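J.: Kindly produce the complete structure, drawing on both the sequences and the hints.
Sequence lines, in order, name chains V and D. Its first residue numbered 1, the first sequence is counted upward by one per residue in the working numbering. Its first residue numbered 1, the second sequence is counted upward by one per residue in the working numbering.
Wrong hints could be hidden among the right ones.
[Unchecked claim] List of simulated lysine to aspartate or glutamate pairs, EDC-like, C-alpha gap at most 16 Å: (1) V/Lys402 <-> V/Asp89; (2) D/Lys219 <-> D/Asp282; (3) D/Lys219 <-> D/Asp284; (4) V/Lys92 <-> V/Asp81; (5) V/Lys56 <-> V/Asp349; (6) D/Lys276 <-> V/Glu51; (7) V/Lys59 <-> D/Glu202; (8) V/Lys83 <-> V/Asp111; (9) V/Lys56 <-> D/Glu202.
Everything labelled a hint here was simulated from the structure, so no lab data went into it. This structure is a prediction, so every number in the text was calculated from the model and none was measured.
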Amino acid sequence: MSAISQALDGVKVAEFGAYAAGPHIGKMLATFGATVVHVESHQRPDGFRTEYPPFKDGKPGPDRSGCFAILNDSKHAVTLDLKTPAGIDLAKRLVGWADIVVENMRPEVMDRLGLGYETARRLNPGIVMISSCNMGQTGPRAHTPGFGSQLSALAGFCGLTGTPDGPPMLLYGPYIDFIASTLGATAVLAALDGQRRTGQGAWIDLAQYESGLMFVAGALLDYHVSGRVAERADNRDPRAAPHNAYRCRDGAWLALSCWSDDEFGRLVETLGFPELRADRRFATLDSRQANLRDLDELIAAGLRWRGAEETAGRLQSARVHAYPVNTIADLFRDPQLAYRRIWRRRRHDGIGDVACYFSAFDLSATPGEVTAAAPGIGQHNAYVFQELLGLSGEEYAAYQGKGAFQ
Amino acid sequence: MLSAYRVLDLSNRVGWLAGRLLADLGADVIKVEGPGVAIDAPDWQAYNVNKRLLRLDLETSEGRSQFDRLIDHVDILIESVLPGEPAAAWLDPARLRQRNPRLIQVSVTPFGTDGPRAEWLASDLELMAAGGAMSLAGEPGETPLRVTVPQSYSWAGAQAAVGALTALIHRTATGQGQRVDVSAQAAVILALSHAPAFWDMEGTNPTRAGAFVSGRSVKGARFRAFWPCADGYVNFVLYGGPAGRRTNARLVEWMRECGVELGVLAQIDWMRFDPKLASQQDVDDMERPIAEFFLRLAKRDFLEQASRREMLGYPVSTVQDIATDPQLGARAFWQDLPGPDGAPQRHCGSFAIVDRVRQPLRHRPGTEIDVASLLAECGVAAEGAKAATAATEGQFV
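T.: Structure, rendered in structure tokens:
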């Protein structure tokens, strides 16, 4: 590690979580210097290690998963068998060591393991714990299991994506889990700051469902106030026309929008059909909205054989909102993302060279870093329990003998 | 938790959620708007509730000198000024740091404050395009889509809150403030889950899947994700794995209780079901009776039964369905506050429950404070000279 100081140096996090919503909290904290210990077991590895592709060379294996790698870089991985008293004993030591415990199991599972908040607080009075689950810890459906991909439908996102007379659309992966993890990290950091100033810990009950609703809060308020039910509307927006994505050369697409009559004028000048500026059908926002189908067809015809990148650049030079629709591959060559060093390549023991996502924000004084690719299962057992928690070699071996690390 | 802190929020739509989240956690957040700027749009109200409103004309030198006096007493500044805009000069981080070395300055902009495209114009549409999200939504081969309700601003605002508080932990330890530079484009990438790993590891470029789940069967079968029901759609997938097999078995049990035609479903041993081995014909045969069954169900019935039977699957909610969901009512998620016309407005309450309490929203949208009162709260005399007394932080919450 370098001598550069990081914002979360000295912050200790124990993560009893799997998949996305828990581990992504630890990932964000680890990027800015926290020491994060990800807990799983050999019987029950994190599902992101085993259940979903991609795997190195298409061959499944807990240390070959790209899905796990993208959410767990810069962390330490340990295995604890929480079905053994020895495993529980070490889990409690971890809770005693940590500033923050992250868990995203179903409600009451941590209690049954003897690791719930009340116990944790006795072990460690200043502990900050976040419990993140689908529906929250209380309420009639608290125990409903669920996948984030489907919770995105319950929270309105899928119904708000697509063509008005067509079906709802899937969003990629467990979309809502990453909203919950981001809001969860916010709450955890606020609680940690309180702990640092007052010694007082906190228990945060975060419903992934409710977190998601913060991303549609305006539409919900609008319904409550006016009764208007927001509906999926392709790419339309009532305040801009055109406002769509258009097919360009080589299978690329270009997104663009015009928020004033002047901007529309600059668009059609730049695309080389200035006559549209004088066309009565397109003179005002209202008339462009009323004739949107015609307008979209004209723009689509104008863009069909142009390059998306090059056209976006020319439109931006004319101060028109435009950006190529980046595919996933494009995210690795986008000049702005490259400038911000969003992808940091690290050596992963099971996969080889992997791209790790850095952060959506840069900090000027404490810059953060991807310190290592995601760990293999149980990779840091000895380091965490001996170096960080201070077990002697004999103690460690004794726990090993009792099956604690299975 | 954050009641000791004062936040000045100069941001535009791209940053609003950041201050809202900090306010929900107890910070005293002051939203600054120019005189006459409309605040009646639902988005403004929803994302600026729980903040107080300061009308300040930052285009005048008087307004800017008032800003300067305030900034000395602010812990976190949130702004979304693009490089090259006039305001970039007086919001220059070096200048502000000189005035207030403890200040955390959070810039939330489309592409970040520096780089080859930092000055590019982008609304939600272009940001969802630039961050890769549109390439993954819509029918395969057809127009890439955004979510109709803007999402990129929320991704950016939420990341800004994480950045602000990461910097705050450092300041609490060291007294040192710093700049947090948030890129909305980079924040949108978080919505893509593990999609980038496919390109990075195997050179396959994930694309949009429409309304069907694919990539689960070695025979290339697609599984339906959205099913028409009596009053809309439900989201249900014939998954494998323990939870999926249990779900499928319980669905068939439920269908049997209702006396509906089961077709091939009656013969399947769900404990051995493996979607990886299913052909499209197999899937179609399984899905036909399920489709008939769902067609007669209302969304709310599906939600309640699926929950009671511990099945995976949810209805596709509209905002109306969400507004009447008993789970949210039981957790006191909603909070009524007086709206601009005095009639109650129902807001999403604080986003987290802390120590078993959902802290109430303290300020209705547009609760105005004037600059003299705010300076007085900061311990600065109304005339402008810095008062000798230090600000008593947190007393106004």
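J.: If a hint holds in the structure, say so; if it doesn't, say that too.
T.: Hints and how they fare:
1. Proximity of lysine 402 of chain V to aspartate 89 of chain V is assessed by CA-CA distance (about 11 Å); at most 16 Å being required, the pair is judged to hold.
2. A threshold of 16 Å between alpha carbons decides the hint, and for lysine 219 of chain D with aspartate 282 of chain D the separation of about 11 Å falls inside it, so the pair holds.
3. Proximity of lysine 219 of chain D to aspartate 284 of chain D is assessed by CA-CA distance (about 13 Å); at most 16 Å being required, the pair is judged to hold.
4. Note on lysine 92 of chain V and aspartate 81 of chain V: the hinted pairing holds, with a Cα-Cα distance of about 12 Å set against a maximum of 16 Å.
5. At most 16 Å may separate the alpha-carbon atoms for a hinted pair to count; lysine 56 of chain V and aspartate 349 of chain V meet this at roughly 11 Å.
6. Of the pairs offered as hints, the one joining lysine 276 of chain D and glutamate 51 of chain V holds, with about 12 Å between alpha carbons and a cut-off of 16 Å not exceeded.
7. Restraint check for lysine 59 of chain V and glutamate 202 of chain D: satisfied, since their Cα atoms lie roughly 12 Å apart, inside the 16 Å limit.
8. Of the supplied pair hints, the one linking lysine 83 of chain V and aspartate 111 of chain V holds, its CA atoms being roughly 13 Å apart against a limit of 16 Å.
9. A threshold of 16 Å between alpha carbons decides the hint, and for lysine 56 of chain V with glutamate 202 of chain D the separation of about 8 Å falls inside it, so the pair holds.
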